[in-house]
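Listed in order, the protein sequences are those of chains A and B. Read in order, the letters of the first sequence are residues 1 to 650 in my numbering. Read in order, the letters of the second sequence are residues 651 to 912 in my numbering.
Each hint should be verified, as a subset may be incorrect.
[Stated by the list, open to error] Distance condition first, Cα-Cα at most 20 Å in a straight line; then the derived EDC-like pairs of lysine to aspartate or glutamate: (1) Lys764/B with Glu798/B; (2) Lys789/B with Asp29/A; (3) Lys804/B with Glu27/A; (4) Lys472/A with Asp604/A; (5) Lys28/A with Asp729/B; (6) Lys804/B with Glu318/A; (7) Lys489/A with Asp729/B; (8) Lys789/B with Glu27/A; (9) Lys804/B with Asp259/A.
Hints were generated in silico from the structure; no laboratory data involved.
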Amino acid sequence: MTEQPDTFPRLLLHQAKVRPDRPAFREKDLGIWQTWTWAQIAGEVRILACGLAARGFERGDRLAVIGDNRPRLYWAMMAAQALGGVPVPLYQDAVAAEMAFVLQDADIGFAVVEDQEQVDKLLEVLPQCPRLKHIFFDDPRGLRHYGQAELTAFEDLQAAGRGFAQGNPDFFSDELGKGRPSDVAVILYTSGTTGQPKGVSQTHAAMIQTARVLVAFDGFTDKDDILCYLPMAWVGDFLYSYAQMHIAGFCLNCPESPDTVMTDLREIGPTYYFGPPRVYESILTQVMIRIEDAGWIKRRMFHSFMAVAKRVGMGILEGKPGIPLKDRLLYRLGEILVYGPLKNVLGMSRIRVAYTGGEAIGPDLFDFYRSIGINLKQLYGMTETCVTVCMHASGDVKLETVGPPMPGVEVRIADSGEVLVRSPGLMKEYYRRPDATREAIDAEGFFHTGDAGYFDARGHLKIIDRAKDVGKLADGTLFAPKYLENKLKFFPYIKEAVCFGQGRDKVCAFINIDTAAIGNWAERRNLPYSGYADLASQPAVLDLVRDCVEKANRDLAQDPTLANSQIRRFLVLHKELEADDGELTRTRKVRRRHIGDKYAVLVDALYSDKASCFVVTQMRFEDGRTGTVSADLQIVEAKTFSAAAARKAA
Amino acid sequence: MMGGRKIGRAILEIDDVSLAFGGVVALQGVSFDVREHEIRAIIGPNGAGKSSMLNVINGVYHPHQGTVAFKGRKRRNVDPHEAARQGIARTFQNIALFRGMTVLDNIMTGRNLKMKCNFLQQAVYWGPARREELEHRAKVEAVIDFLEIQHIRKTPVGRLPYGLQKRVELARALAAEPELLLLDEPMAGMNLEEKQDMSRFVLDVNDQMGTSIVLIEHDMSVVMDLSDRVVVLDYGRKIADGTPDEVRNNRGVIDAYLGVAH
Numbered sequence: 001m002t003e004q005p006d007t008f009p010r011l012l013l014h015q016a017k018v019r020p021d022r023p024a025f026r027e028k029d030l031g032i033w034q035t036w037t038w039a040q041i042a043g044e045v046r047i048l049a050c051g052l053a054a055r056g057f058e059r060g061d062r063l064a065v066i067g068d069n070r071p072r073l074y075w076a077m078m079a080a081q082a083l084g085g086v087p088v089p090l091y092q093d094a095v096a097a098e099m100a101f102v103l104q105d106a107d108i109g110f111a112v113v114e115d116q117e118q119v120d121k122l123l124e125v126l127p128q129c130p131r132l133k134h135i136f137f138d139d140p141r142g143l144r145h146y147g148q149a150e151l152t153a154f155e156d157l158q159a160a161g162r163g164f165a166q167g168n169p170d171f172f173s174d175e176l177g178k179g180r181p182s183d184v185a186v187i188l189y190t191s192g193t194t195g196q197p198k199g200v201s202q203t204h205a206a207m208i209q210t211a212r213v214l215v216a217f218d219g220f221t222d223k224d225d226i227l228c229y230l231p232m233a234w235v236g237d238f239l240y241s242y243a244q245m246h247i248a249g250f251c252l253n254c255p256e257s258p259d260t261v262m263t264d265l266r267e268i269g270p271t272y273y274f275g276p277p278r279v280y281e282s283i284l285t286q287v288m289i290r291i292e293d294a295g296w297i298k299r300r301m302f303h304s305f306m307a308v309a310k311r312v313g314m315g316i317l318e319g320k321p322g323i324p325l326k327d328r329l330l331y332r333l334g335e336i337l338v339y340g341p342l343k344n345v346l347g348m349s350r351i352r353v354a355y356t357g358g359e360a361i362g363p364d365l366f367d368f369y370r371s372i373g374i375n376l377k378q379l380y381g382m383t384e385t386c387v388t389v390c391m392h393a394s395g396d397v398k399l400e401t402v403g404p405p406m407p408g409v410e411v412r413i414a415d416s417g418e419v420l421v422r423s424p425g426l427m428k429e430y431y432r433r434p435d436a437t438r439e440a441i442d443a444e445g446f447f448h449t450g451d452a453g454y455f456d457a458r459g460h461l462k463i464i465d466r467a468k469d470v471g472k473l474a475d476g477t478l479f480a481p482k483y484l485e486n487k488l489k490f491f492p493y494i495k496e497a498v499c500f501g502q503g504r505d506k507v508c509a510f511i512n513i514d515t516a517a518i519g520n521w522a523e524r525r526n527l528p529y530s531g532y533a534d535l536a537s538q539p540a541v542l543d544l545v546r547d548c549v550e551k552a553n554r555d556l557a558q559d560p561t562l563a564n565s566q567i568r569r570f571l572v573l574h575k576e577l578e579a580d581d582g583e584l585t586r587t588r589k590v591r592r593r594h595i596g597d598k599y600a601v602l603v604d605a606l607y608s609d610k611a612s613c614f615v616v617t618q619m620r621f622e623d624g625r626t627g628t629v630s631a632d633l634q635i636v637e638a639k640t641f642s643a644a645a646a647r648k649a650a
Numbered sequence: 651m652m653g654g655r656k657i658g659r660a661i662l663e664i665d666d667v668s669l670a671f672g673g674v675v676a677l678q679g680v681s682f683d684v685r686e687h688e689i690r691a692i693i694g695p696n697g698a699g700k701s702s703m704l705n706v707i708n709g710v711y712h713p714h715q716g717t718v719a720f721k722g723r724k725r726r727n728v729d730p731h732e733a734a735r736q737g738i739a740r741t742f743q744n745i746a747l748f749r750g751m752t753v754l755d756n757i758m759t760g761r762n763l764k765m766k767c768n769f770l771q772q773a774v775y776w777g778p779a780r781r782e783e784l785e786h787r788a789k790v791e792a793v794i795d796f797l798e799i800q801h802i803r804k805t806p807v808g809r810l811p812y813g814l815q816k817r818v819e820l821a822r823a824l825a826a827e828p829e830l831l832l833l834d835e836p837m838a839g840m841n842l843e844e845k846q847d848m849s850r851f852v853l854d855v856n857d858q859m860g861t862s863i864v865l866i867e868h869d870m871s872v873v874m875d876l877s878d879r880v881v882v883l884d885y886g887r888k889i890a891d892g893t894p895d896e897v898r899n900n901r902g903v904i905d906a907y908l909g910v911a912h
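Next up, chain A with everything else stripped away, as it sits in the complex (with noise of 0.2 Å):
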């Protein structure tokens, strides 16, 4: 066998040698689809790196990328690569200011970018960052009366290019042979939530080595498809369409325009794909909006198909034994007369893997897609451990685990509860920041992710928390406050939820209920109500609540781990929890901190054995008047499971 191909570059000589023919981007223009070869593109990369050198590019340099999904820009880094040089993708809806900081951090030279909107931001910026002397825009339109010397179209660069390569013909063969897999391939800034954003160097043979692995795992080849639509800055679309694009040799298709996706989906039909939970909703929000607009007959026979779906979809998919013959026929009629045209209409006919990650996805939502015989699969990972830390594998999902760790990749739990890795797809180092890279990577080389977790039965892990969010009940069993407060809004009648538990011999939890899906349910049970609070105290509504909370408690019985945890008592609050109040952050998380304090009195009453409580709050009403409401709370007994019992009720 011969040796493989170590570094981007030569893997991009190789797809060339190996499948000069086949299609390795597509772009809409003008309505039409067009198509570059692997040979196509490893001469345009050529001329690229040709012109980039001509202009003074050199080993080592960082160039910026900044735009939408454009084979041009994904040529530009291919280009850096090839002259040993490191490309930084930014957010391209980043502001001036945002971009500033990346400019002067990776102490930028060169910029490719996509169009006026980005080209205008970096003239902005330029006397902040006196390094930055290169532009380069695809898209001329608008830009003809700038004059600025330090804009150069991207035709100019090609012509540049061309005439580099005629005077230096070797030119870039050699530079290829200087590559070494332990040079930095990309610097990918992390958003971070906290302080400003960290450069991560990721470089050739991390990258290169987990893709190999994604590759294999999922068996793809070069007739695969994606469609990539994620912003190029962000880690995942590095490494599912560019890493992997070089590895199996599979089309990149990049969409008309950012507003266009949905029909290019539907035009392209990837063979795989990739989205955050978020994606997914809107997805099937619309799905239902139009399925409740359309007229009765398609309405009825697409819930009873579903329900069928429901109930056999999935085992269907893991190829489950033991499913009737009646239900497999039923679930066939479904396939031709609901499920395919469906994911026809939404561009996933053709889906063989498709992947969620970074949050929680909701069971409803992923039952669904899952129940249609869409392969839809959970995955765990961040910037700096090349995402893939865990992956379900096909055949072996769990809602509520992100899988066993993948080949190569050791995970292990800290005492505190977080999880550790050490991976080959481990970050060299944060850019420019040593302190950073020595606080996230011990000396064993294990990566601190700052996210709770641990192993179920089967060993998979369950990403449960933030870990600095994590803290023990008395007897020293796990608390995970957020994962029980999801767990409670997952269902449709609660809006909010705070658990209480730290340092207690037990969980309690507040609740706001969704006033909007409680008023309907209310409604159709003719129950009369004037508004939040009375909804909230009446016993029929608690009734409810408890119902929800006590099919948590069984859920959570099954998990040894949590089991304990438990919740069991509860009220409903008799206000909804506002960010006026400071009870919500302005992006809508819980205070939970704080909501305690504020609410110590019915916590104690949780805490004690009285059956209800009375509490005066303060609140803001929205014209910024304040005043006071009373209530008399009723404080809910939950039952809990034992383990045993729980598997029954199951």
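Chain A is already provided as a structure; the job is to place chain B on it using the hints.
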């Protein structure tokens, strides 16, 4: 911004035009010209004769007196389709699109005058008819790209919000590759963001395609920002003509239309 665009000689000359409907005098001895690559605004209070003026230019109304000369050719009684063939396209104050047809089909109708194949050839759709259709489609796609409406290409116009319908109408006018574009209140009823988008497109059309533009608009900030020269009509008479600054400070215009300047 304005640097690269060369304003040339007059492409349209209106000379002493009068128009009356029975006893109602719509236009009275109006004269002005529009130069190549220029954005020319017509402003004035309601009923001043602005839309009538546009209708005279593209041949919907025939003036009772005076002449209109387009590209040096004087004409008096020209029909709208003749004006279109000469290179004048327009949009309407109240959107005039085919609501049941897709955006793409609507814009394709803008190419109608340029289609040479007859009905029968098009029905068979073979040989020259097919080639021609492809050429026209390519032109239309360029316009779609230019106005950034790719995402609604296949959407029926009736389902679109108002601002986008206005943009589709502009697209149809551009599909005819006009030398002179008449825009009748292109920003009426739009919100601020839509107005900004539309202004951007008008400037881009003028700048990149070199199209001369005659614009009727009530939003004064838009008019003053976009146009090179402004004609002011009041009761069918021209009361001022000049650059935005000259017009803004003209006593007669302030009294008749703009109100007291602060």
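Cross-check of the supplied hints:
Taking the CA atoms of Lys764/B and Glu798/B, the gap is near 24 Å; set against the 20 Å cutoff, the hint is violated. Note on Lys789/B and Asp29/A: the hinted pairing holds, with a Cα-Cα distance of about 13 Å set against a maximum of 20 Å. A distance of roughly 19 Å separates the Cα atoms of Lys804/B and Glu27/A; the hinted pair therefore holds under the 20 Å criterion. For the proposed pair Lys472/A and Asp604/A, the alpha carbon gap of about 19 Å is at most 20 Å, so the pair holds.
Distance hint between Lys28/A and Asp729/B is unfulfilled; the C-alpha atoms sit about 40 Å from each other, more than 20 Å. The straight-line distance between the Cα atoms of Lys804/B and Glu318/A is roughly 38 Å, outside the 20 Å bound, and the hint therefore fails. At roughly 67 Å between alpha-carbon atoms, Lys489/A and Asp729/B are farther apart than 20 Å, so this suggested pair is violated. With a C-alpha separation of about 19 Å, the suggested pairing of Lys789/B with Glu27/A holds against the 20 Å cut-off.
Note on Lys804/B and Asp259/A: the hinted pairing holds, with a Cα-Cα distance of about 13 Å set against a maximum of 20 Å.
Of the numbered hints given earlier, the model fails hints 1, 5, 6, 7; all others are met.
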